[in-house]
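Novice: One letter stands for each residue in the lines below.
2 protein chains.
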Amino acid sequence: MSWTITEELIPALARGAAVLGTGGGGDPYIGALLAGQALQQYGNVEVVTLDEVPDDAVVVTVAMMGAPTVMVEKLPGLDEVVTPVKELSEHYGKPVTHIALAEVGGVNSTIPIAAAAALGLPLIDGDGMGRAFPELQMILPTLYGVEASPLAYADEKGNVGVIRAISNHWVERIARVAAVEMGCSIMISGFHMSGRTAGESLVKDSLSMCLRVGREISNAREQKIDPVEKTVTVLGGRLLFEGKVTDVERATTTGFARGRASIDGAAGTMTLQFQNEHLVAQIDGDTVATTPDLIMVLDHENGEPITTEGLRYGQRVRVIAAPADERWHAPEAIEMVGPRYFGYDLEPHRFDGSVRPGQVIA
Amino acid sequence: MSWTITEELIPALARGAAVLGTGGGGDPYIGALLAGQALQQYGNVEVVTLDEVPDDAVVVTVAMMGAPTVMVEKLPGLDEVVTPVKELSEHYGKPVTHIALAEVGGVNSTIPIAAAAALGLPLIDGDGMGRAFPELQMILPTLYGVEASPLAYADEKGNVGVIRAISNHWVERIARVAAVEMGCSIMISGFHMSGRTAGESLVKDSLSMCLRVGREISNAREQKIDPVEKTVTVLGGRLLFEGKVTDVERATTTGFARGRASIDGAAGTMTLQFQNEHLVAQIDGDTVATTPDLIMVLDHENGEPITTEGLRYGQRVRVIAAPADERWHAPEAIEMVGPRYFGYDLEPHRFDGSVRPGQVIA
Numbered sequence: 001m002s003w004t005i006t007e008e009l010i011p012a013l014a015r016g017a018a019v020l021g022t023g024g025g026g027d028p029y030i031g032a033l034l035a036g037q038a039l040q041q042y043g044n045v046e047v048v049t050l051d052e053v054p055d056d057a058v059v060v061t062v063a064m065m066g067a068p069t070v071m072v073e074k075l076p077g078l079d080e081v082v083t084p085v086k087e088l089s090e091h092y093g094k095p096v097t098h099i100a101l102a103e104v105g106g107v108n109s110t111i112p113i114a115a116a117a118a119l120g121l122p123l124i125d126g127d128g129m130g131r132a133f134p135e136l137q138m139i140l141p142t143l144y145g146v147e148a149s150p151l152a153y154a155d156e157k158g159n160v161g162v163i164r165a166i167s168n169h170w171v172e173r174i175a176r177v178a179a180v181e182m183g184c185s186i187m188i189s190g191f192h193m194s195g196r197t198a199g200e201s202l203v204k205d206s207l208s209m210c211l212r213v214g215r216e217i218s219n220a221r222e223q224k225i226d227p228v229e230k231t232v233t234v235l236g237g238r239l240l241f242e243g244k245v246t247d248v249e250r251a252t253t254t255g256f257a258r259g260r261a262s263i264d265g266a267a268g269t270m271t272l273q274f275q276n277e278h279l280v281a282q283i284d285g286d287t288v289a290t291t292p293d294l295i296m297v298l299d300h301e302n303g304e305p306i307t308t309e310g311l312r313y314g315q316r317v318r319v320i321a322a323p324a325d326e327r328w329h330a331p332e333a334i335e336m337v338g339p340r341y342f343g344y345d346l347e348p349h350r351f352d353g354s355v356r357p358g359q360v361i362a
Numbered sequence: 001m002s003w004t005i006t007e008e009l010i011p012a013l014a015r016g017a018a019v020l021g022t023g024g025g026g027d028p029y030i031g032a033l034l035a036g037q038a039l040q041q042y043g044n045v046e047v048v049t050l051d052e053v054p055d056d057a058v059v060v061t062v063a064m065m066g067a068p069t070v071m072v073e074k075l076p077g078l079d080e081v082v083t084p085v086k087e088l089s090e091h092y093g094k095p096v097t098h099i100a101l102a103e104v105g106g107v108n109s110t111i112p113i114a115a116a117a118a119l120g121l122p123l124i125d126g127d128g129m130g131r132a133f134p135e136l137q138m139i140l141p142t143l144y145g146v147e148a149s150p151l152a153y154a155d156e157k158g159n160v161g162v163i164r165a166i167s168n169h170w171v172e173r174i175a176r177v178a179a180v181e182m183g184c185s186i187m188i189s190g191f192h193m194s195g196r197t198a199g200e201s202l203v204k205d206s207l208s209m210c211l212r213v214g215r216e217i218s219n220a221r222e223q224k225i226d227p228v229e230k231t232v233t234v235l236g237g238r239l240l241f242e243g244k245v246t247d248v249e250r251a252t253t254t255g256f257a258r259g260r261a262s263i264d265g266a267a268g269t270m271t272l273q274f275q276n277e278h279l280v281a282q283i284d285g286d287t288v289a290t291t292p293d294l295i296m297v298l299d300h301e302n303g304e305p306i307t308t309e310g311l312r313y314g315q316r317v318r319v320i321a322a323p324a325d326e327r328w329h330a331p332e333a334i335e336m337v338g339p340r341y342f343g344y345d346l347e348p349h350r351f352d353g354s355v356r357p358g359q360v361i362a
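One line per chain: the protein sequences are A and B, in this order. With the numbering used here as the guide, the letters of the first sequence map in order to residues 1 to 362. With the numbering used here as the guide, the letters of the second sequence map in order to residues 1 to 362.
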């Protein structure tokens, strides 16, 4: 059933998006600012479920591409957000009818809200990943043969481009170097698809899930319930580890924020490896979670999601995991987003549902 | 008066283009191969003088962008050459009527011949520089307000893109990183202009000049006349130096072939600094020629032009200079292509016509 995004919902949405962003997706409050501004200026956004999208709808994704570490200092404007969508409408000679989220993490949950508001278009309650991933082609529609091309991009200076490449991976490569050159963050729109294909390929209800996670964290705090345990339950996940951040290495290279963090706790030392998003979690060398499953770091007490760029020495955190959309575990999906793609010589670890949510393993 | 490019003219054109390429523009014989192939397949190309281009003609430039050192190993195909022009025709909704040379150097003199043949369009006897320069915005039309945008590009794999940027320098920046990512050479088309603007902004008769230089070198050899002196006379230039190449440093970085060469001779040691093209010539530290004037290295005996990537230890060479189109010496032009732009802390050296052609200075 369709629902409406009002300004009051933005903080909870942004918080939930930061959880599902698995450490990536940038500072959720920047995206929230932009979405809030767009709602004030253009009014509320109608959200439609995937079932409600007509088969012949013209759907495109809207997202920020670049290193989230840079976006903290470079707030995008609404012009920059809507320009790529307008480019695609012109390119096809027929208007885009629905905006979809490419990923459900961080700013890329809230920027499409801003785009939908400014364009006066409905937003789809769903996304292409059910989480966040660092590269553009890492989206379930790729597995359904949806082309990222033509991909339109824009920066805050007024530079605009369109890429039509031979594969979604080539779109990623060309757009990525453009993003780096243009100041490490650009707005993009692409993955043009019919409503029917959107219905098949996107992850259902993920915007609702963001809102639910964000609200449950607030409610738990008010009710003096443990917000981390609550989040684990909502996501059908489990607690992996708790401890104190003792080390963070981070570098912004080739448009990504790459690094690793160490967390010391009673159960040993957890090492987290990330490339925008958390990709591998190990305890004393034993792998306990990997991409494509979701690895999230939350503040120990208040359950606030901590992005990879927000990790600091001395933070008390809990690390939780949740299962990815089942389609991410297909062999061709693992090839695209499994640990080996990111350079870790590891088999993908399969989320173990037999462990009770909240139970500390190892 | 219009004339026709037949396959027999290609070798002389390519040789002359290599001279005017001032060390850059890539291996002229690769461009010649491509042009020859296109003429065989599609027939001869009509060349029209700038005076003959109708005011309302739709003119675009065609060129290769990238490091010429790479092109030696990656021969472009005709599809790659014509795709960007077709993209622009579609973009404007009206067909391109004339092809122009962005620069007169190396492959960028012969690739537009291939494009004109394959597209069945007339080629303009003129170019945007009267020489070769390493960056896309370094073209006289920029000084006349002609926008490089939209710039279309294509690679040999089938990747295509269009850039619309806020300045020609931004087009250069975004296209350059795309070129590097796509394998260090792409075909581009842009600088869409009317026939009238082409007439005002392009350098006249430069394709004829290529042909003349190339022919004079062959004729001189046949007639046992010094081909280097002949070239100097045709270009209204002068001999700067003669000697033996003793050192060449070269690196392909950020899409350019950068480096320096040392030449030992009776008059001292000449140092040449280049970035795709020769930009500064000094004898024992005294500057004797700089960009925007033309600095060219020719084989001592047979007058064959030597590109920066063709420079080798032990070669006996003569270095000659010739004046650039006068418009390149305007202050705003010097800002764009003067020595300081390239990082050399030097005033632009003005070509000294008082020195008799062929006279060795210093």
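Don't take every hint at face value.
Just so you know, same-sequence chains aren't split out, so a pair can sit in one copy or run between any two.
The calculated DSS-like cross-link candidates involving lysine-lysine, where the alpha carbons are at most 30 Å apart (straight line), are [unchecked claim]: (1) Lys224 to Lys244; (2) Lys86 to Lys230; (3) Lys204 to Lys157; (4) Lys204 to Lys94; (5) Lys230 to Lys204; (6) Lys204 to Lys86; (7) Lys224 to Lys157; (8) Lys244 to Lys204; (9) Lys244 to Lys86; (10) Lys230 to Lys157; (11) Lys94 to Lys157; (12) Lys94 to Lys224; (13) Lys157 to Lys86; (14) Lys244 to Lys230.
By construction, these hints were calculated from the structure, which means they are not laboratory data.
Novice: Among all the numbered hints in the text so far, which are the ones the structure does not match?
Specialist: Those not satisfied are hints 2, 3, 7, 8, 9, 10, 12.
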